[in-house]
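*Asks:* Residues per chain, in single letters:
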Amino acid sequence: GAVVSQHPSWVICKSGTSVKIECRSLDFQATTMFWYRQFPKQSLMLMATSNEGSKATYEQGVEKDKFLINHASLTLSTLTVTSAHPEDSSFYICSASGNQPGYEQYFGPGTRLTVT
Amino acid sequence: EDKVVQSPLSLVVHEGDTVTLNCSYEVTNFRSLLWYKQEKKAPTFLFMLTSSGIEKKSGRLSSILDKKELFSILNITATQTGDSAVYLCAVNYGGSQGNLIFGKGTKLSVKP
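Here the protein sequences come in this chain order: A and B.
Going letter by letter, the first sequence gives residues 228 to 343 in this note's numbering.
Going letter by letter, the second sequence gives residues -1 to 110 in this note's numbering.
Hints in this document: simulated from the structure, not taken from any laboratory.
Model, not experiment: these values are computed from the prediction.
Any given hint could be a false lead.
[Stated by the list, open to error] If we take Cβ atoms under 7 Å as the criterion, some of the chain A residues that face chain B in the derived model are:
| # | residue |
| --- | --- |
| 1 | Leu271 |
| 2 | Ile320 |
| 3 | Phe334 |
| 4 | Gly335 |
| 5 | Gly337 |
Cβ coordinates follow ideal geometry from the N, Cα and C atoms, glycine included.
This is chain A alone, in the form it adopts within the complex (with noise of 0.2 Å):
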């Protein structure tokens, strides 16, 4: 199957400084890449979703300028936690698809963000 990597799996920053999370398709081209976060036993909440060279889709009540995605290439996208704050701590989750059958989505294996 399809392989999608993240970097760093786990992450501890200070509180007012930016992290950046990066997701990467590495067997296939992603035309569109999704962010999710997951509190402790919760279940995942789409937070955007990106197309190679545009801009980035936000759900509703999630800040574009707090979380900064770039979907820069067919197998690269970012994510930018901007002046993290402790209540940013959490379990970000990229997944990919390409033009597979039914949209099917590949997950990363996630980032840990701690704030302190």
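Given chain A, put chain B in place with the hints provided.
*Replies:* Quick look at chain B alone, frame taken from chain A:
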């Protein structure tokens, strides 16, 4: 409002038992329903269902979709402790981007 509802939210069984996990949905522009298994990290793909009545099977796991009644079930036979995980149901509600809406998951614990 589009929604995906899973039941039960948690389940404890013993090794060897058979379990059935439920997923119902109300989604406009339904395209497909997907099942994922989530252990400590990101979800891993199990099945994608697009047509009613066609069972998908992989080892001890099987799943079927009923598009008339708007639900799907995931069966696990002869459960093992390694099946302990959260099982997520998601519906692809179409559009050019193939967005997914997830249920809250069923936490399955298999006791030895």
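*Asks:* Evaluate each hint against the coordinates.
*Replies:* Each hint, compared with the structure:
{"no.": "1", "hint": "Leu271", "result": "holds, 5 Å"}
{"no.": "2", "hint": "Ile320", "result": "holds, 5 Å"}
{"no.": "3", "hint": "Phe334", "result": "holds, 4 Å"}
{"no.": "4", "hint": "Gly335", "result": "holds, 6 Å"}
{"no.": "5", "hint": "Gly337", "result": "holds, 4 Å"}
The structure is consistent with each of the numbered hints, conforming to all of them.
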